[in-house]
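Visitor: Next come the chains, spelled out residue by residue.
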Amino acid sequence: MAVVLLLAVAAYACGGGTDYGAGFWDLIAGGAERGKRARWLIDHAMAPVWEVNNVWLIFVLVIMWTGFPVFFQRVFTAMWLPLALAAVGTVLRGAGFALRKPLTRLAGRRLYGAMFAVSSLLTPFFLGAAAGGVASGRVTAGTMASTDAWANPTSLLFGLLAVAATALLGAVFLAADARRFSAPDLDGYFRRRALAALAVVAVLAVITLVVTHKDAPHVWHGLTHGVGLVFVIVAAVATLATVWLLTRPSADRSRVSAVGVVASAVLAWGMAQRPYLIPTSLTVAEGAGAHTTLRWLGLVTLVAVVLVLPAVVLLYWLDTHGELEGLTDAELRRGGARDEG
Amino acid sequence: MHFTVPLLADAPAQMLPARSQMAFTLASHIILVPLGVALPLITLIMHGYGLRRDDETALLLARRWSAVMAVQFAIGVVTGTVLSFEFGLLWPGMMGRWGDVFGIGFGVEAWAFFLEAVLIAIYLYGWRRLPARTHFLLGLPLPFAALLGAFGILAANSWMNTPRGFTLDSAGNPVDVKIWKAIFTPMFGPQYWHFVVAMFVTAGYVVAGVYAVGWLRGRRDRYHRLGFTIPFTLAAVLTPVQFMLGDSIARQVFHKQPVKFAAMEIVWNTDTHVPEYLFGRLHPDGTISGGIKIPQLDSILAGFRPDTKVTGLTSVPAGDRPTAVEATITHFAFDAMVGIGSLLLLLAIWYALVWLRRRRLPASPWFYRGAACAGVASVAAVECGWITTEVGRQPWIVYQSMRVAQAVTSTRSTTLWIMFGLVVVVYVFVFGSFLVVLLKMRARWRLADEKGGPQAPQEAPEADTPYGPRSTVGPGGDGSASSTGSRT
Numbered sequence: 001m002a003v004v005l006l007l008a009v010a011a012y013a014c015g016g017g018t019d020y021g022a023g024f025w026d027l028i029a030g031g032a033e034r035g036k037r038a039r040w041l042i043d044h045a046m047a048p049v050w051e052v053n054n055v056w057l058i059f060v061l062v063i064m065w066t067g068f069p070v071f072f073q074r075v076f077t078a079m080w081l082p083l084a085l086a087a088v089g090t091v092l093r094g095a096g097f098a099l100r101k102p103l104t105r106l107a108g109r110r111l112y113g114a115m116f117a118v119s120s121l122l123t124p125f126f127l128g129a130a131a132g133g134v135a136s137g138r139v140t141a142g143t144m145a146s147t148d149a150w151a152n153p154t155s156l157l158f159g160l161l162a163v164a165a166t167a168l169l170g171a172v173f174l175a176a177d178a179r180r181f182s183a184p185d186l187d188g189y190f191r192r193r194a195l196a197a198l199a200v201v202a203v204l205a206v207i208t209l210v211v212t213h214k215d216a217p218h219v220w221h222g223l224t225h226g227v228g229l230v231f232v233i234v235a236a237v238a239t240l241a242t243v244w245l246l247t248r249p250s251a252d253r254s255r256v257s258a259v260g261v262v263a264s265a266v267l268a269w270g271m272a273q274r275p276y277l278i279p280t281s282l283t284v285a286e287g288a289g290a291h292t293t294l295r296w297l298g299l300v301t302l303v304a305v306v307l308v309l310p311a312v313v314l315l316y317w318l319d320t321h322g323e324l325e326g327l328t329d330a331e332l333r334r335g336g337a338r339d340e341g
Numbered sequence: 001m002h003f004t005v006p007l008l009a010d011a012p013a014q015m016l017p018a019r020s021q022m023a024f025t026l027a028s029h030i031i032l033v034p035l036g037v038a039l040p041l042i043t044l045i046m047h048g049y050g051l052r053r054d055d056e057t058a059l060l061l062a063r064r065w066s067a068v069m070a071v072q073f074a075i076g077v078v079t080g081t082v083l084s085f086e087f088g089l090l091w092p093g094m095m096g097r098w099g100d101v102f103g104i105g106f107g108v109e110a111w112a113f114f115l116e117a118v119l120i121a122i123y124l125y126g127w128r129r130l131p132a133r134t135h136f137l138l139g140l141p142l143p144f145a146a147l148l149g150a151f152g153i154l155a156a157n158s159w160m161n162t163p164r165g166f167t168l169d170s171a172g173n174p175v176d177v178k179i180w181k182a183i184f185t186p187m188f189g190p191q192y193w194h195f196v197v198a199m200f201v202t203a204g205y206v207v208a209g210v211y212a213v214g215w216l217r218g219r220r221d222r223y224h225r226l227g228f229t230i231p232f233t234l235a236a237v238l239t240p241v242q243f244m245l246g247d248s249i250a251r252q253v254f255h256k257q258p259v260k261f262a263a264m265e266i267v268w269n270t271d272t273h274v275p276e277y278l279f280g281r282l283h284p285d286g287t288i289s290g291g292i293k294i295p296q297l298d299s300i301l302a303g304f305r306p307d308t309k310v311t312g313l314t315s316v317p318a319g320d321r322p323t324a325v326e327a328t329i330t331h332f333a334f335d336a337m338v339g340i341g342s343l344l345l346l347l348a349i350w351y352a353l354v355w356l357r358r359r360r361l362p363a364s365p366w367f368y369r370g371a372a373c374a375g376v377a378s379v380a381a382v383e384c385g386w387i388t389t390e391v392g393r394q395p396w397i398v399y400q401s402m403r404v405a406q407a408v409t410s411t412r413s414t415t416l417w418i419m420f421g422l423v424v425v426v427y428v429f430v431f432g433s434f435l436v437v438l439l440k441m442r443a444r445w446r447l448a449d450e451k452g453g454p455q456a457p458q459e460a461p462e463a464d465t466p467y468g469p470r471s472t473v474g475p476g477g478d479g480s481a482s483s484t485g486s487r488t
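Protein chains in written order, with full-length UniProt numbering: chain A, 1 to 341; chain B, 1 to 488.
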């Protein structure tokens, strides 16, 4: 189940991350006029899939408390503040995005847009910081909510990495969306930003490796040995591949490689933590819930995957083939006009 | 296990803010639930009707409802996410000890929710480009996903009411978990059906209420008639069913959670020939002031005989039962719910009688006034039902196994108060915006209807940029797939 949890975290990092990234670019797209085209693309590209991307988070939480209740309890006790802020950020973000669309006045759109964009930045940062706190082993059985648990070098770096990674994913996917909607100027626009984000991710990753050497020795050891190292190498290779793909005329596969970067980074972190859920104080075996529950959770997951996977594939397929489009008011109206008089 | 728990007197200071916040966020979230669970079905019925009869008005209604569904679902996603955060932020004690026993319901729910999000996205964005029949068929699994989600949540909640499926080891930790028993607890069946039907009834009345208001304001075209009739009929048919289910769940509570039942009916001492109080306040010394007293009735309702023995609050120590105030709250909520239910039943009977005798909608404006209020009233009833089950369980977060005080977080109460304040501000803002957006959508649609022809889209620039694939065909419903409607 720990593997499933890790995979769900990775999936959320990729799905939700793309989503947060779009918000990040929305934030720095510039004023209402200058950022109009970029924002239009963001709205258009995200609308059908953003809810799905974010339900991953609920799933991560559920697996945590069902499969690893003690872990859940400790993390939420120690990381109270960043997680509370992340929760508030999630609300503002979802509401901001959902409510921006039906509004027509510029002032209203600005307000919700800003809300959406700022919280797109803060939420991944705090989630990343909480993850960093866990990785650095600062959460123990007796840890109360204190700033030390999340305001430390590892946490901050994890937070920044999370933001940079979302920016990377967001830009890569938006560039692809720009090609889909045949907007070549935006394609170039987001490609340049994707490369910049990738550079930031790479730099931060190197800094993180250096810092964790002292600050989170267990994770550092895991990242530089065995399976963890394999995933680190995969991430590095994926990074190079992404750079290469982004500079080529058809960058379609850059989405795959960018997801590869983020997913393998998350997996590397997870593998580096073995055999601990929280390094050096709570092992996977100790944190695991009742045996039967884990079996059932696995079964539920399996059944759900069988049910959900085709639907998700269908959604992404329909989405990428341009079969999904919002209705405008005019179209809501059309057809109904005839028989009302 | 009773001896291990601290007395209520030294309840931690975190209790009040944590409880308030949980109550507030849940009470807000639950407003969205009826629409989330039942609006897809109502929309699909309308959609199917439109396809079958080739009825443009019905298709227009379905399209507009799906737009409402989208905004509603989005807000539901975020408030739901907050709730799952709060389990950890406010009640780490409960999740840490019991998460693996009852969490599986949430697992089911999360996946169902996931599926629902996917299907809603497809349904919502499929109107324009997908073939009419395919689009409708892809929407069909939606109500089932919604029911599955409700299954998960209700499994978790009913477990908290009648926890089963585990044994406690010497340290008081649950071991030997039996998932099947933990899901299908004694309260599960009654709670589930009572809840699901409540959701359908509420959503039906809420949607119909909107068009009842339109009717009262003189808009009596086919659009309003159709928009009123379909949801109202669904709700009216289910209202008597709900009455039976409500009666059955009350009797289940009487058998399985006698102390909660005593709080619902403010019964102080265990006795036979217990009178029924309509409202009225319970005092800490067991006396009751105010309210209407009907002799014998409570015993009759509980067991069909006046000599049925009803367990009273004093059957358990004071620390193990709701306080007088909590019992009074539970009792008021319960009576209000039953009262609203009875009024709705009268409304449904009125509708049915007119329909059976004259084959038309009632003409009296009082009927439409009632129908316009029915939506709000049924939401109030849902809130009351939730209060009844949650407050009535006090002081237990897991009935007779863990007190709320043991589950609460150790974060300082000041921090919790600040968080609560923040959440209130954010929620007021979000729900206010939600309402404004709905009203705006309505105003825009009405404007469009009054002007007649298709309007120049007001959603520029996003909706009408010259980029992206754009079909010249009308919305999905314009196809000639009139035979697909038979699936509803």
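Note that these hints are calculated values from the structure, not bench results. The beta carbon of each residue, even a glycine, is placed where N, CA and C say it ideally should be. Any given hint might turn out to be false.
Said to hold, decoys possible - Just so you have them, the derived chain A footprint on chain B, three or more residues with Cβ under 8 Å:
id, stretch
1, 119-133
2, 329-338
3, 358-367
4, 402-414
Visitor: If you count the residues of the stretch 402-414 of chain B with a beta-carbon closer than 8 Å to a beta-carbon of chain A, do you get 3 or more?
Guide: Answer holds; 4 residues pass the 8 Å Cβ test.
Visitor: Are there at least three residues in the stretch 329-338 of chain B whose beta carbon sits under 8 Å from a beta carbon of chain A?
Guide: violated (count 0)
Visitor: Under a C-beta cut-off of less than 8 Å, do 3 or more residues of the stretch 119-133 of chain B approach chain A closely enough to confirm the stated coverage?
Guide: holds (count 11)
Visitor: Please check whether the stretch 358-367 of chain B has three or more residues whose CB lies within less than 8 Å of a CB on chain A.
Guide: Not satisfied, violated; 0 residues make the cut.
This entry does not satisfy hints 2 and 3, going by the numbered hints stated previously.
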